[in-house]
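From just these sequences and the hints, can you work out the full model?
First to last, the sequence lines map onto chains A and B.
Numbering follows numbering that gives the first Met the number 0, with no gaps: position 592 of the first sequence is 591.
Numbering follows numbering that gives the first Met the number 0, with no gaps: position 61 of the second sequence is 60.
Careful, some of the hints might be misleading.
With a cut-off of at most 20 Å between alpha-carbon atoms, the simulated SDA-like pairs for lysine to any residue come out as follows [what the hints assert, rightly or not]:
{"hint": "1", "chain 1": "B", "residue 1": "Lys-124", "chain 2": "A", "residue 2": "Val-374"}
{"hint": "2", "chain 1": "B", "residue 1": "Lys-52", "chain 2": "A", "residue 2": "Val-523"}
{"hint": "3", "chain 1": "B", "residue 1": "Lys-65", "chain 2": "A", "residue 2": "Phe-393"}
{"hint": "4", "chain 1": "A", "residue 1": "Lys-583", "chain 2": "A", "residue 2": "Arg-614"}
{"hint": "5", "chain 1": "B", "residue 1": "Lys-124", "chain 2": "A", "residue 2": "Arg-614"}
{"hint": "6", "chain 1": "A", "residue 1": "Lys-609", "chain 2": "A", "residue 2": "Gly-529"}
{"hint": "7", "chain 1": "A", "residue 1": "Lys-380", "chain 2": "B", "residue 2": "Gly-125"}
{"hint": "8", "chain 1": "B", "residue 1": "Lys-52", "chain 2": "A", "residue 2": "Thr-525"}
{"hint": "9", "chain 1": "A", "residue 1": "Lys-266", "chain 2": "A", "residue 2": "Arg-492"}
{"hint": "10", "chain 1": "A", "residue 1": "Lys-380", "chain 2": "B", "residue 2": "Phe-126"}
{"hint": "11", "chain 1": "B", "residue 1": "Lys-52", "chain 2": "A", "residue 2": "Lys-380"}
{"hint": "12", "chain 1": "B", "residue 1": "Lys-52", "chain 2": "A", "residue 2": "Glu-521"}
{"hint": "13", "chain 1": "A", "residue 1": "Lys-115", "chain 2": "A", "residue 2": "His-31"}
{"hint": "14", "chain 1": "B", "residue 1": "Lys-124", "chain 2": "A", "residue 2": "Glu-376"}
{"hint": "15", "chain 1": "B", "residue 1": "Lys-65", "chain 2": "A", "residue 2": "His-522"}
{"hint": "16", "chain 1": "A", "residue 1": "Lys-527", "chain 2": "B", "residue 2": "Lys-52"}
If you are wondering where the hints come from, they were derived from the structure by calculation, not from laboratory data.
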Amino acid sequence: MFANQGFFLILLGFICSFYGFVAAILAAFWRHRRLYFSSKLALTVTSLLVISASGIMIYSLFQRDYSLAYVMKNSSNDLPQLFTLTAFWSSLEGSHMLWLTLMTIVGTIAAWSHSKDNEHIMPYVLASIQAVICWMLYLAWTHSDPFLANLPAPPNGRGMNELLQNGYMAIHPPMLFTGYTCLVVPFAYSIAALCYGDITEGWLKTIRRWTLVSFIFLTAAITLGGRWAYVELGWGGYWAWDPVENSSFMPWLMATALLHSLLVQDKTGHLKRLSLVLAIAGFFMTFFGTFLTRSGVVSSVHSFAESPIGPNYLMYLAALMLISASIFAFRAPSILPSDTEKVWGVSRESALVVTQFLLISFAAIVLIGTLFPIVSEWLTKQRISVQAPYFNMFAPWVGLGIIFGVAVGNLLRYGSPAVPHGKRIVLSAIVFAIPLTVALVYFGDVMHTATTKNLIAQLVGLYLASWAIGCLIGDLYYRFADIRFKYVLFFKRNLGYFGGWVSHLGILIAIIGFLGNYRGMEHVQTVKAGDSWTYYGLRFEFQASGVESRQNQNATNFTAPVKVYRGTEFLYDMAPAQSLYPTKNQTFTEVAIEGDFWHDVYLVLADYDKTDGKRATFKLYINPTVRFVWSAIVIICIGGIIALFDRYRGNKSRDVVAGEWETSI
Amino acid sequence: MIRKFGLIVLLYLSIPVAFAQQEPMQEQDTPESAAAPSPAAEAAPKAPEKRMKYDSNNQAFRDVAKEFRCPTCTGLSVLESDAGFSIQIKEQVQEQLSLGKNHDQIVDYFVQRYGAWILREPPVKGFNALAWIVPIALLCLGPIVIWLAVWKRRVKADNHGVRSSAVILQEMQESLKRMKRENG
Numbered sequence: 000m001f002a003n004q005g006f007f008l009i010l011l012g013f014i015c016s017f018y019g020f021v022a023a024i025l026a027a028f029w030r031h032r033r034l035y036f037s038s039k040l041a042l043t044v045t046s047l048l049v050i051s052a053s054g055i056m057i058y059s060l061f062q063r064d065y066s067l068a069y070v071m072k073n074s075s076n077d078l079p080q081l082f083t084l085t086a087f088w089s090s091l092e093g094s095h096m097l098w099l100t101l102m103t104i105v106g107t108i109a110a111w112s113h114s115k116d117n118e119h120i121m122p123y124v125l126a127s128i129q130a131v132i133c134w135m136l137y138l139a140w141t142h143s144d145p146f147l148a149n150l151p152a153p154p155n156g157r158g159m160n161e162l163l164q165n166g167y168m169a170i171h172p173p174m175l176f177t178g179y180t181c182l183v184v185p186f187a188y189s190i191a192a193l194c195y196g197d198i199t200e201g202w203l204k205t206i207r208r209w210t211l212v213s214f215i216f217l218t219a220a221i222t223l224g225g226r227w228a229y230v231e232l233g234w235g236g237y238w239a240w241d242p243v244e245n246s247s248f249m250p251w252l253m254a255t256a257l258l259h260s261l262l263v264q265d266k267t268g269h270l271k272r273l274s275l276v277l278a279i280a281g282f283f284m285t286f287f288g289t290f291l292t293r294s295g296v297v298s299s300v301h302s303f304a305e306s307p308i309g310p311n312y313l314m315y316l317a318a319l320m321l322i323s324a325s326i327f328a329f330r331a332p333s334i335l336p337s338d339t340e341k342v343w344g345v346s347r348e349s350a351l352v353v354t355q356f357l358l359i360s361f362a363a364i365v366l367i368g369t370l371f372p373i374v375s376e377w378l379t380k381q382r383i384s385v386q387a388p389y390f391n392m393f394a395p396w397v398g399l400g401i402i403f404g405v406a407v408g409n410l411l412r413y414g415s416p417a418v419p420h421g422k423r424i425v426l427s428a429i430v431f432a433i434p435l436t437v438a439l440v441y442f443g444d445v446m447h448t449a450t451t452k453n454l455i456a457q458l459v460g461l462y463l464a465s466w467a468i469g470c471l472i473g474d475l476y477y478r479f480a481d482i483r484f485k486y487v488l489f490f491k492r493n494l495g496y497f498g499g500w501v502s503h504l505g506i507l508i509a510i511i512g513f514l515g516n517y518r519g520m521e522h523v524q525t526v527k528a529g530d531s532w533t534y535y536g537l538r539f540e541f542q543a544s545g546v547e548s549r550q551n552q553n554a555t556n557f558t559a560p561v562k563v564y565r566g567t568e569f570l571y572d573m574a575p576a577q578s579l580y581p582t583k584n585q586t587f588t589e590v591a592i593e594g595d596f597w598h599d600v601y602l603v604l605a606d607y608d609k610t611d612g613k614r615a616t617f618k619l620y621i622n623p624t625v626r627f628v629w630s631a632i633v634i635i636c637i638g639g640i641i642a643l644f645d646r647y648r649g650n651k652s653r654d655v656v657a658g659e660w661e662t663s664i
Numbered sequence: 000m001i002r003k004f005g006l007i008v009l010l011y012l013s014i015p016v017a018f019a020q021q022e023p024m025q026e027q028d029t030p031e032s033a034a035a036p037s038p039a040a041e042a043a044p045k046a047p048e049k050r051m052k053y054d055s056n057n058q059a060f061r062d063v064a065k066e067f068r069c070p071t072c073t074g075l076s077v078l079e080s081d082a083g084f085s086i087q088i089k090e091q092v093q094e095q096l097s098l099g100k101n102h103d104q105i106v107d108y109f110v111q112r113y114g115a116w117i118l119r120e121p122p123v124k125g126f127n128a129l130a131w132i133v134p135i136a137l138l139c140l141g142p143i144v145i146w147l148a149v150w151k152r153r154v155k156a157d158n159h160g161v162r163s164s165a166v167i168l169q170e171m172q173e174s175l176k177r178m179k180r181e182n183g
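Right under this line is the structure:
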């Protein structure tokens with residue numbers, strides 16, 4: 000019904016943002032203030048147009064208006080309310096639309112919320128943001144048009160992808176795209192700083208804030224994606240190093256590296272150019288990852304040509320890289336170095352450089368692993384796979400480096416090799432780590448399934464992570480002690496440090512959680528109704544009633560009730576199921592997850608006797624320390640949020656105050 | 000008559016393919032990636048005459064099965080997957096095991112049959128070795144490069160960001176020498 004209106008809004012938005020882009024560039028060249036305001040308004044209008052278009056899409060979804068192809072393909076009459084809304088981003092065109100909407104909103108916020116000192120680089124910022132928005136709008140009315148008409152309208156739609164009918168998929172994509180879009184601001188400010196020729200006052204503050212917001216959203220979104228995979232896909236894990244996952248992980252690594260580089264820039268005035276490169280590269284990665292996963296190029300180079308999105312994305316990315324790289328090449332010499340001499344001795348900035356090296360090389364490894372099948376097929380005409388075992392070969396070494404970086408780096412001080420209380424902290428952490436490791440080994444039941452090889456890896460990993468936690472705690476303690484435990488004073492001045500401290504603690508806890516993957520257990524069992532089996536000290540009793548059919552919103556669940564006992568003590572009621580959706584003639588697994596803090600009991604109904612439901616095959620996974628990972632990520636995000644409230648106290652780099660407008664109207 | 004028979008055979012042969020497509024694409028992470036043509040279409044194993052029952056709890060079987068990728072999924076091994084092709088590969092693994100072959104022999108057998116693609120990591124041979132060499136070189140040489148850069152810079156300045164007097168003296172002497180040379 001609204002196909003034309005929606006299309007019209009998008010086209011209008013495209014024209015509007017194109018105007019805004021041109022106006023911003025002219026405003027920058029002529030230093031023309033009114034033109035700059037005009038461009039800013041154009042961005043605002045674009046965002047209103049795009050939001051209206053999204054509104055129309057959501058309205059059409061709720062109206063079940065199948066005259067829109069997108070609605071027809073991604074929803075059906077039986078969809079519950081929540082999933083009718085999330086159908087908006089359940090497929091390519093819609094998720095593009097969501098991304099676009101968030102991009103315009105973030106762009107508008109960035110345009111209106113800049114600090115006074117930055118006003119004169121804002122035309123460049125606006126131009127960069129609107130160039131990106133303009134291209135996304137171009138894609139939205141050409142190759143990924145969400146308002147494609149489908150006439151005559153069928154009575155029912157094809158239904159939403161059943162795997163996406165899950166609460167986590169309701170929040171994962173908006174958060175991920177928010178994280179992606181927030182990276183556009185550091186990107187735009189970097190381009191602006193390069194074009195303007197220097198880093199202006201307040202530049203770092205703005206970039207740091209947006210990168211931190213992006214970091215928080217990306218961290219949460221990646222974890223929610225992992226959580227979705229964990230509860231929905233039923234293979235017992237949360238991270239498969241899938242290209243889709245990798246493409247969300249690479250921007251995260253870049254954003255994290257950028258945060259650390261900004262810290263060095265803030266405190267010493269060095270690494271300005273690295274920050275610029277990282278900001279640009281991080282933003283590039285968000286689109287590059289999307290290109291990899293959405294163009295079909297990852298599955299095979301041959302599928303690349305089939306989607307019109309692919310070549311378009313490729314051109315865009317090439318243009319983005321070429322323009323950014325040439326701006327950098329021509330303008331980077333104008334970014335003045337710090338007036339302090341470079342000192343890369345034993346100091347905190349050196350530790351930060353090492354951390355960045357680890358993060359960037361990890362991103363490079365993930366990128367190589369993701370791209371290698373394509374390159375190899377292209378060059379050798381032979382297909383190969385690069386999957387989890389490859390990445391798992393390198394990840395522990397990076398993790399090892401991160402543990403040392405976190406532990407030692409936090410003890411060091413800027414610009415000085417003196418480590419106050421260093422020896423005492425490190426030594427007491429070595430002692431502190433022993434009981435902690437023993438507790439982790441005991442409660443986590445490390446000895447139960449260990450083979451010699453992964454036992455050593457686990458013990459070393461657990462010990463070092465505990466040691467690093469000890470170092471962190473010691474560092475915080477002495478920081479308190481140094482100001483005689485005046486906590487109010489501490490938190491007034493050091494929220495940035497404290498936020499980082501909390502996040503680092505979270506990372507270490509997450510690493511302890513990841514180590515649990517070494518000792519996951521899996522068992523397959525076929526039982527008759529009323530029978531039970533024992534595994535890992537737990538007795539699983541498949542209830543005599545057999546498989547029952549239950550209605551759950553739009554799905555019919557075939558549930559196999561299982562009671563879990565330890566000895567005679569009743570523990571959990573579990574109900575793994577297979578669900579059948581009205582729109583598709585196939586079943587999906589509904590996993591049952593129970594457990595305590597240390598172990599997850601993860602039960603999948605793999606198969607059952609369809610005639611009477613009295614016989615079923617279960618897949619049982621015992622997953623240790625998965626909850627460590629979830630809680631660690633919450634801790635990391637809380638740390639990020641704490642750091643957001645840090646009162647910024649200026650930086651040491653030689654920043655300039657930007658010049659005047661040519662026309663001061 | 001022959002044509003009819005041929006049709007029946009064709010139909011029969013298409014059963015495993017249809018079966019594989021009907022399987023829940025659980026492993027597909029996103030709806031978009033589902034659009035990718037299944038690479039299994041080329042590597043489709045022929046349906047075995049009699050179905051081998053495999054025991055997923057058997058450690059030897061698990062060790063072999065986790066080496067191979069599930070042809071239709073994006074990131075899983077056949078062990079973790081219950082897609083049609085994964086089940087067929089698992090049955091073949093069981094068949095090979097029951098022939099008394101060991102882990103490496105079975106892996107070689109599958110690589111010969113399906114190509115290196117069936118393995119979950121690139122083989123360390125020819126061009127594909129780069130996938131291993133580059134990251135290892137990056138991780139090992141990177142710190143050395145940084146260290147060298149640090150080492151070079153460090154002699155220029157002391158710990159407080161001020162160039163040490165020794166360095167300044169040395170520089171002055173050098174420039175004095177140069178000036179002397181230039182002025183004759």
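Verification of the supplied hints:
1. B:Lys-124 with A:Val-374: holds (15 Å)
2. B:Lys-52 with A:Val-523: This hinted pair holds, its Cα atoms lying about 13 Å apart.
3. B:Lys-65 with A:Phe-393: holds (19 Å)
4. A:Lys-583 with A:Arg-614: The given pair, whose Cα atoms are some 25 Å apart, is violated under the 20 Å limit.
5. B:Lys-124 with A:Arg-614: violated (48 Å)
6. A:Lys-609 with A:Gly-529: Holds: A:Lys-609 and A:Gly-529 sit about 17 Å apart, inside 20 Å.
7. A:Lys-380 with B:Gly-125: Judged against 20 Å, a Cα distance of about 13 Å means the pair holds.
8. B:Lys-52 with A:Thr-525: Holds, because 13 Å separates the two Cα atoms, which is no more than 20 Å.
9. A:Lys-266 with A:Arg-492: Roughly 15 Å separates the two Cα atoms, so the pair holds.
10. A:Lys-380 with B:Phe-126: The hint holds at about 11 Å.
11. B:Lys-52 with A:Lys-380: violated (36 Å)
12. B:Lys-52 with A:Glu-521: holds (18 Å)
13. A:Lys-115 with A:His-31: Cα-Cα ~17 Å, so holds.
14. B:Lys-124 with A:Glu-376: holds (14 Å)
15. B:Lys-65 with A:His-522: holds (14 Å)
16. A:Lys-527 with B:Lys-52: holds (19 Å)
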